[in-house]
Amino acid sequence: MLAQVDFVPVATPTVVWAGLVPLMVLGGGAVLLVMFRSVVKRLPTDYESWVTTALGPVTVVAAYVLGGVAGQDLPLSGVRSNVGDGWFYLGFLVVLAVSALLVWSLDIGLDTAFTVGVAVTTLSATWMLWGDRVMVDGAFNSIGEQLGVDGFSIVFTGIMAVAVGLTALLLDDYIEREGVGGVEMYVLLMLSAAGGVVMASANDLIVLFLGIETLSIAAYVLAAMHSKRLESLEAGLKYFVLGAFSSAFLLYGIAFVYGATGSTNLIAIRTFLDANTLTDDGMLLAGFGLMLVGLGFKVAAVPFHAWTPDVYQGAPTPVVAYMASAVKAAGFAALVRVFVVTFGAYRLDWQPAVYVLAILTLVTGSVLAVVQRDAKRMLAYSSISHAGFILVGVQAATSRGTAAVVFYALAYTFLVIGSFGVLTAVSGQGDRATTLEDLDGLADRRPALALAFTIFLLAQAGVPLTTGFVAKLEVIGAAVEAHSYWLALIAMLTATVSAFLYLRIVLAMYVGKSSEEALAAPRARIPTAVILVIGIAFVVTVGFGIIPDPIDQLARDAVPQLVASG
Amino acid sequence: MLLNQFLLLAAVLFCIGVYGVLVRRNGMLVLMSIEIILNAVNINLVAFGALTDNVGGEVFALFAIAVAAAEVGIGLAIVLLMYRNRRSIDLSEADLLKG
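Chains A and B, in that order, give the protein sequences.
If you use the working numbering, the first sequence corresponds to residues 1 to 566, in order.
If you use the working numbering, the second sequence corresponds to residues 567 to 665, in order.
Since the hints were derived computationally from the structure, they do not count as laboratory data.
The structure presented is a predicted model; accordingly, all values stated were derived computationally and were not measured.
Ideal placement from N, C-alpha and C gives every residue a C-beta, glycine not left out.
Take these hints with a grain of salt, some might be off.
Residues from chain B that face chain A, not an exhaustive set, calculated with beta carbons under 7 Å [what the hints assert, rightly or not]:
(1) ILE600
(2) ILE603
(3) LEU647
Listed next, the in silico DSS-like pairs over lysine-lysine satisfying Cα-Cα at most 30 Å (straight line) [to be verified]:
(4) LYS228/A to LYS664/B
(5) LYS41/A to LYS228/A
(6) LYS513/A to LYS664/B
Chain A with its partners taken away, still in its complex shape (with noise of 0.2 Å):
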């Protein structure tokens, strides 16, 4: 009987493994951490900081194995290029100590030691697929037509790891301090940033929204973490329904989408948006609206900006970092993915809508941010404006503008971790001490942290010598370009309104008085992830904004591309 069953062969994707390699490490990374965790609540103090230091090579053989396999598509094979080699042992193992030597140096938690592990093994493979693959063979797709890796995708990646990693180090003492949350802080970090990788290679809507939802579901629950903070908790609460709200929005656009165009699938989309002029373009343009709707409320533009300064003040401080540099990445990389990319055809419909949200975005983000006395809510609202900043660059349209919006991403991805890295060291148990007054005096105090912090909102403002000021340059340059010149205009007049608020901090931090009791509280130790995090953060800041060349480079050859397989 069964041999008479004809078999009706179902047809599957060709599957690329090599470019799900990042994705496969964070989201694998996350599920095996929390497996590890709900096995083994916690192990004996020797062994866990024995295991812990152990982490440091297992993430170089790891970063060396998975980087090889993301770069040749051949496990092993580029181990095996080098075996025979006796110098490459000895510096294998001169690496393989130095990092065991780190991570012990750093005195981090497994949790934590495991993160930024999967943070580096991403880093790793991105790099591989970048320098290997991407910019040898170009652009190809890794699951049938659902998933594409282009250099554009790939740097998204690398800053969603680096987001994850950094905000790692700086979760790992908040956690121990404030005694909440745990584990599963570091798993929905590592989640959320799986689907912040979905949404910058998505090549279909659904993915594209099933990675939305991946990254803000979990960045819903990381808001309302904080359970000793009833503020932690309305935080959670406001993003969750304006964000489920949104989606709701995006949602609805992606239904007209479909029903003008007849497909989901992003090449598909294109292809026929560039073949046919529709002569009832009602559907498609009101899908348009409402993805800008629902995209918008993810980047915060105005005026879809109101859960932002409540959100970034309740949420927990490291948690902020996150939100602020990889969740609005991640939904600018989707905004330039869809609209740049895909309806590139019909910007002349999309690029007013935008030339307006980036006006009110910038206006309103360095206007409100001025009267605000709380420094992580000042800190929302430029986050508003830098928003509006790379709103610039995606409205115009243009190869130059993506790269400006990409070294735009990656600069302030940097920037902001390392400001609100200084507020979380001195935020103070509860992480409470956030206003003005508790930032004045900081310079004698901390001198250091206030020299850090001083040159974080610096870079912000848009000073020369940062990776801020070289970020602007280009987000203008480019409106400039597009011939948007009211736009870069206002940009510019923007930037000068909102240096007065970062000042203002400094003046707070270098002019300021400690109150009696802030110079009476015992000189809290702040540590050494943390001192890495912002170190980092200001390495990069300044050393890439004197020498800009190679992150400019990275940003020109990092093109959005949607390759139709075959």
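Knowing the structure of chain A, use the given hints to seat chain B on it.
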């Protein structure tokens, strides 16, 4: 045409949902309003899928249902946490954060 009726139904449901989110202050009703919006979208997706005769729309609707379930799970947890802390799920009472 038949499609218009589906789209109209979806649009009406969508508006009811948006109205609910904007006006209702009860956390539970806001969650339900969001569900109504998502289901309005599902009607749209299935209608378009049937019209263009490809399964993309139906597949998308299935994904949307799964995602909505995950989302409402998190939402209920957060609302429950709010009830435990305040003995109320009135969203207008959540006003600790302001500038």
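Status of each hint after checking the structure:
1. ILE600: Hint holds; ILE600/B Cβ to chain A Cβ min 5 Å, cut 7 Å.
2. ILE603: Nearest chain A Cβ about 4 Å off; hint holds.
3. LEU647: With a closest approach of 6 Å, the LEU647/B hint holds.
4. LYS228/A to LYS664/B: 19 Å, holds
5. LYS41/A to LYS228/A: 22 Å, holds
6. LYS513/A to LYS664/B: 26 Å, holds
In this structure, none of the earlier numbered hints is contradicted; all agree with it.
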